[in-house]
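*Asks:* Sequence:
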Amino acid sequence: PLFIVSSEKDHTQANIQATLIRSRLKKVPKFRTMFSNLIHYPRYSLYWSKSDPVPPFISREWKGHEERHKEALWQLAVTDSFQMPKKVYEDPEVTGKNRYKYFDRPFLPFHQQIPLNVVYAATKAESYTFPPTSAKFLPIPSKSTVGTQTDYRDADVQTDPYSPEYVICQDSIPELLTLATLTWGRGLPAGQAEVEMIERAREKRAWEATLPPLSDASQLEKRRRMMNAMERKEWAFREQEIEKLQEIRLEVLKELLRKREENQNEVNMRHLNAQWSKLQEAKEAKMAQIQRSYVSAIRKLIGKGKNIEGKLERRNIIKDYSDYASQVYGPLSRLGRFPDNNSEDFVVKNHYLNTYEGLVELESCLPDFVTQPRIRPPKLKVVTTKSGFLKTTARFDCELAEVHQALLDKKNKVHEAKKPLRFLQRNPIPQPRLPTPTLQMSSNEEEDIEMAVIYLQKLLRGRVVQNMMFEGKEKRLELIQELRTSHALQDDDKLVKKAEKQVTLALQRQRNLHEHKVSLVENHLAGLEGRALADMFDFLSKELVRLQEERRIHAFAMLAERQRRMREAEESGRRQVEKRRLREEDQIFKEVIKVHQSTVSSYLEDIILNAEENTAEEQARAEIEKMAEEINDIAYEMESRRTYLQSEEIVAELVYSFLIPEVQKDFVKEKVRNAQRKHILAAHQIIHRHTETMVQKRATEQQQDEVSDADMLPEEETQNEEDS
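The UniProt record's numbering applies: residue 1 is where the sequence shown begins, and numbers increase by one.
Hints were generated in silico from the structure; no laboratory data involved. Take these hints with a grain of salt, some might be off.
Stated by the list, open to error - List of simulated lysine-lysine pairs, BS3-like, C-alpha gap at most 27 angstroms:
{"#": "1", "residue 1": "Lys-30", "residue 2": "Lys-50"}
{"#": "2", "residue 1": "Lys-579", "residue 2": "Lys-9"}
{"#": "3", "residue 1": "Lys-590", "residue 2": "Lys-63"}
{"#": "4", "residue 1": "Lys-97", "residue 2": "Lys-63"}
{"#": "5", "residue 1": "Lys-497", "residue 2": "Lys-9"}
{"#": "6", "residue 1": "Lys-9", "residue 2": "Lys-27"}
{"#": "7", "residue 1": "Lys-101", "residue 2": "Lys-9"}
{"#": "8", "residue 1": "Lys-501", "residue 2": "Lys-475"}
{"#": "9", "residue 1": "Lys-678", "residue 2": "Lys-665"}
{"#": "10", "residue 1": "Lys-391", "residue 2": "Lys-501"}
{"#": "11", "residue 1": "Lys-579", "residue 2": "Lys-590"}
{"#": "12", "residue 1": "Lys-254", "residue 2": "Lys-244"}
{"#": "13", "residue 1": "Lys-26", "residue 2": "Lys-50"}
{"#": "14", "residue 1": "Lys-27", "residue 2": "Lys-50"}
{"#": "15", "residue 1": "Lys-473", "residue 2": "Lys-501"}
{"#": "16", "residue 1": "Lys-222", "residue 2": "Lys-244"}
{"#": "17", "residue 1": "Lys-497", "residue 2": "Lys-63"}
{"#": "18", "residue 1": "Lys-101", "residue 2": "Lys-26"}
{"#": "19", "residue 1": "Lys-391", "residue 2": "Lys-542"}
{"#": "20", "residue 1": "Lys-579", "residue 2": "Lys-497"}
{"#": "21", "residue 1": "Lys-304", "residue 2": "Lys-319"}
{"#": "22", "residue 1": "Lys-283", "residue 2": "Lys-311"}
{"#": "23", "residue 1": "Lys-473", "residue 2": "Lys-70"}
{"#": "24", "residue 1": "Lys-300", "residue 2": "Lys-286"}
{"#": "25", "residue 1": "Lys-101", "residue 2": "Lys-70"}
{"#": "26", "residue 1": "Lys-306", "residue 2": "Lys-319"}
{"#": "27", "residue 1": "Lys-319", "residue 2": "Lys-391"}
{"#": "28", "residue 1": "Lys-30", "residue 2": "Lys-9"}
{"#": "29", "residue 1": "Lys-233", "residue 2": "Lys-222"}
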């Protein structure tokens, strides 16, 4: 039940398509280039899968031969007494769960791979007839499937929206079927005009429901009035639509005229600008020429003013070479001398000076102190007062210290020998350090003894240092006592200094607290500013990423749209070819069936017509004879009973029924013809008035042309005679 083919040729094509199906290609990823997007380093490779999706026990041959065999058996069963069991076909559920099985892509790319010298027999399969349903309403299935959205599989591109099949229950007309004329692109999706049309249709159906029936003779006049009112309403609506269309056309015409005027103004402005630029260039060229001629004339006048008498002077070569402003050293270019000719040959062209890469390379060769100078400011030991000013004594002390240091440096200056050049001095290679010897302990006891010896050595060294300090103290005991007495005299100054120090420390602490508070405030402000800037930069970066992604998605959408249109074009071409082929096959099948039906119908028609003619002729002859006898009897009886007045009444009725209406009809026609005659005469007069004037003008022009031609002929003849 997957699909049904009409002939062995279609079966062969489907078999080839199944063999060359793309799903047999398998993608095998490459580990080294798994995440590559380059063409020459693909991230996967394709190989042909040898596994066949069709099991080997399923036959791939065409099943038409088996159907022919069954058809032959059915024919034998009809002619002979052989009884063959009737095969019952199940409902294939084409519009239900098996809908996807009855759709396939048109097979076009591989139609040339079939050998051209093979011609398959074209056979037609009998159309399947579904068993009729006897119930009034269709049974509701227990399961339902969702219809597909396209005529083909998921790989194809959807063009028009899918319209599912529907079943109408008896004695019901859905309102939705009244909109069957609206299709996608022509009315759908519905707009304001379509909604108004639907509302008008509803109103009209409601009005039709209120119309009196035709069977009621008393309501005919009311029905006529209602229909006339509705007709006038429809004509008024149509006039409004025509007016709207005319207004829209007028607006479009105005817009086109405005655009044409703008384009014309733009073209005119472009022409004017081009003409103005041409005239401006000509003006500038003329002014430059006038300026050159003016300078030349002034130069000539100055030259003549220098030599008023017009004497010829020889060139003084000594004067020319002694004057550095003469033509020898600085010739004028207007005289044809260009001293700077070929000066570009002497220009130094260096890669390191003319290119950025060369400059970078030169800069990399320079030492760091050239490109990154380091300046270390001197640290001054300054003594300040309580208010923060520099004392005069401290300044003098600094100057005296500098002078004393300069004198000492000059006194102790030693003449150093000249050092050799730095780049020619050989840097000695230091000797490699000898490895540090390590002592390996054989047991824990030896290690404890070693640690005790090291500790004893430390104690002895500390005792030696302590003895040295005690000896030094004993030697300098007098100096120590002198220093103690001198410091005792300065206790008052120390107290004052200590108080000043405490005040200074308190001020420093206050200043530090103030700076700490200020720094906290600045830190908070900087944090707030940084947070705001971070949010702003984050928002801007996200907007930039979003814009880039949006542009990339737009580019992808454009590419997808282009690919979708290309696929739609290809799909429409394939669909047209497939539909054309199906129409041809259907037409051939219809023609064959039509020939068979026409032959059978003509044969049966001849038999039925002959039987009907014979039967009708006999029955008509019998009825006519019977009716003629009855009419004769009635006529003879009426003739026998009729009086003179009855004869006059019959004649009057004939005259009133046939002659008088015909005369009235001729009279009305003549009256209408007389009423229309004046309008026709007026139209003829208007038309012929202009045509006669035009004919007269043309006749007079032709006569004048003939007269002028006749006058010209003698003049030409006389001129020819004179020339000869």
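*Asks:* Confirm or reject each hint.
*Replies:* Going down the list of hints, with the structure as the test:
1. Lys-30 <-> Lys-50: holds, 20 angstroms
2. Lys-579 <-> Lys-9: It holds: about 17 angstroms lies between the C-alpha atoms, which stays within 27 angstroms.
3. Lys-590 <-> Lys-63: The hint holds at about 24 angstroms.
4. Lys-97 <-> Lys-63: holds, 24 angstroms
5. Lys-497 <-> Lys-9: violated, 122 angstroms
6. Lys-9 <-> Lys-27: Violated. Lys-9 to Lys-27 sits at ~33 angstroms, over the 27 angstroms cutoff.
7. Lys-101 <-> Lys-9: Roughly 20 angstroms separates the two Cα atoms, so the pair holds.
8. Lys-501 <-> Lys-475: Measuring from Cα to Cα gives roughly 35 angstroms; hence the hint is violated.
9. Lys-678 <-> Lys-665: Given that 27 angstroms is the threshold and the Cα spacing comes to 21 angstroms, the pair holds.
10. Lys-391 <-> Lys-501: Given pair Lys-391, Lys-501 holds - Cα atoms ~17 angstroms apart, limit 27 angstroms.
11. Lys-579 <-> Lys-590: Holds. Lys-579 to Lys-590 sits at ~16 angstroms (cutoff 27 angstroms).
12. Lys-254 <-> Lys-244: holds, 15 angstroms
13. Lys-26 <-> Lys-50: OK: Lys-26 and Lys-50 at ~10 angstroms, within 27 angstroms.
14. Lys-27 <-> Lys-50: Given pair Lys-27, Lys-50 holds - Cα atoms ~14 angstroms apart, limit 27 angstroms.
15. Lys-473 <-> Lys-501: At roughly 32 angstroms apart (the allowed maximum being 27 angstroms), Lys-501 and Lys-473 break the hint.
16. Lys-222 <-> Lys-244: The given pair, whose Cα atoms are some 33 angstroms apart, is violated under the 27 angstroms limit.
17. Lys-497 <-> Lys-63: Violated: Lys-497 and Lys-63 sit about 124 angstroms apart, past 27 angstroms.
18. Lys-101 <-> Lys-26: holds, 25 angstroms
19. Lys-391 <-> Lys-542: violated, 61 angstroms
20. Lys-579 <-> Lys-497: violated, 115 angstroms
21. Lys-304 <-> Lys-319: Since the Cα atoms of Lys-304 and Lys-319 sit roughly 21 angstroms apart, the hinted pair holds (cutoff 27 angstroms).
22. Lys-283 <-> Lys-311: violated, 41 angstroms
23. Lys-473 <-> Lys-70: violated, 139 angstroms
24. Lys-300 <-> Lys-286: The given pair, whose Cα atoms are some 21 angstroms apart, holds under the 27 angstroms limit.
25. Lys-101 <-> Lys-70: holds, 25 angstroms
26. Lys-306 <-> Lys-319: OK: Lys-306 and Lys-319 at ~17 angstroms, within 27 angstroms.
27. Lys-319 <-> Lys-391: Roughly 75 angstroms separates the two Cα atoms, so the pair is violated.
28. Lys-30 <-> Lys-9: violated, 42 angstroms
29. Lys-233 <-> Lys-222: Distance ~17 angstroms between Lys-233 and Lys-222 Cα, so the pair holds.
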